[in-house]
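Chemist: Listed below are the residues making up each chain.
2 protein chains.
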Amino acid sequence: MENIVLNVKGMSCNHCVKAVQDSVGALNGVNAVKVDLEAGTVAVEFDGNAVNVGQIKETIEDQGYDVE
Amino acid sequence: MENIVLNVKGMSCNHCVKAVQDSVGALNGVNAVKVDLEAGTVAVEFDGNAVNVGQIKETIEDQGYDVE
Chain A
1 MENIVLNVKG MSCNHCVKAV QDSVGALNGV NAVKVDLEAG TVAVEFDGNA VNVGQIKETI
61 EDQGYDVE
Chain B
1 MENIVLNVKG MSCNHCVKAV QDSVGALNGV NAVKVDLEAG TVAVEFDGNA VNVGQIKETI
61 EDQGYDVE
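Line order of the protein sequences matches chains A and B.
Everything in the first sequence is counted per the working numbering, starting at 1 for the first residue and increasing by one.
Everything in the second sequence is counted per the working numbering, starting at 1 for the first residue and increasing by one.
Simulated from the structure, these hints should not be mistaken for lab results.
No experiment lies behind these values; they were computed from the predicted model shown.
Be careful, since some hints might not be right.
Stated by the list, open to error - Keeping only pairs whose Cα atoms sit at most 25 Å apart, straight-line, the calculated SDA-like set for lysine to any residue is:
1. B/Lys9 - A/Gly64
2. A/Lys57 - B/Ser12
3. B/Lys34 - A/His15
4. B/Lys18 - A/Gly25
5. B/Lys18 - A/Ser12
6. A/Lys18 - B/Ala19
7. A/Lys9 - B/Asp36
8. B/Lys9 - A/Ala39
9. B/Lys18 - A/Gln63
10. B/Lys9 - A/Gly40
11. A/Lys9 - A/Ala19
12. B/Lys18 - A/Val67
13. B/Lys9 - B/Thr59
14. A/Lys18 - B/Glu38
15. B/Lys18 - A/Ser23
16. B/Lys18 - A/Asn14
17. B/Lys18 - A/Gln21
18. B/Lys34 - A/Cys13
19. B/Lys9 - A/Val17
Required output: the full structure, derived from the provided sequences and hints.
Modeler: Spelled out as structure tokens, the structure:
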């Protein structure tokens, strides 16, 4: 398992938290997702053999947020 | 039909708009709901014989927002 913490802009409420958690959590190979709304971060635990960071970023961006 | 414009605090993004529109729109007697995110307002067209303003406010508050 690998871990990454992404800085994500535009998450403003608990609906946003849920949108990010559900979409990233649905990716094959993602084991855990934790969004910190106040800090603007998304921590992801994932299997690097099944999914890569680019796919995770793209999934967050598809929900309408900017990944730095 | 009657019309009211409520000032609502805490709506921060399009998820919030949808949550308010869907919940208020589902009330029996509500004909139309329009949320202005920037202005922080919710305009509702409703049949005063079927639903009252108190029920509309309560529905919005149940979604986690403050009606002034």
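Chemist: Now tell me, hint by hint, if it's right for this structure.
Modeler: Against the structure, the hints:
1. B/Lys9 - A/Gly64: holds (22 Å)
2. A/Lys57 - B/Ser12: holds (23 Å)
3. B/Lys34 - A/His15: With Cα atoms ~19 Å apart, B/Lys34 and A/His15 stay inside 25 Å; holds.
4. B/Lys18 - A/Gly25: Between B/Lys18 and A/Gly25 the Cα gap is close to 22 Å, so the pair holds against 25 Å.
5. B/Lys18 - A/Ser12: The given pair, whose Cα atoms are some 14 Å apart, holds under the 25 Å limit.
6. A/Lys18 - B/Ala19: holds (13 Å)
7. A/Lys9 - B/Asp36: Answer holds: A/Lys9 to B/Asp36 is near 22 Å, not above 25 Å.
8. B/Lys9 - A/Ala39: Roughly 22 Å between the alpha carbons, so the hint for B/Lys9 and A/Ala39 holds.
9. B/Lys18 - A/Gln63: Within the cut-off at roughly 15 Å; holds.
10. B/Lys9 - A/Gly40: holds (21 Å)
11. A/Lys9 - A/Ala19: Between A/Lys9 and A/Ala19 the Cα gap is close to 14 Å, so the pair holds against 25 Å.
12. B/Lys18 - A/Val67: Between B/Lys18 and A/Val67 the Cα gap is close to 24 Å, so the pair holds against 25 Å.
13. B/Lys9 - B/Thr59: With Cα atoms ~14 Å apart, B/Lys9 and B/Thr59 stay inside 25 Å; holds.
14. A/Lys18 - B/Glu38: holds (22 Å)
15. B/Lys18 - A/Ser23: holds (18 Å)
16. B/Lys18 - A/Asn14: Between B/Lys18 and A/Asn14 the Cα gap is close to 13 Å, so the pair holds against 25 Å.
17. B/Lys18 - A/Gln21: Holds, at about 18 Å.
18. B/Lys34 - A/Cys13: Since the Cα atoms of B/Lys34 and A/Cys13 sit roughly 20 Å apart, the hinted pair holds (cutoff 25 Å).
19. B/Lys9 - A/Val17: holds (19 Å)
In summary, this structure violates none of the numbered hints.
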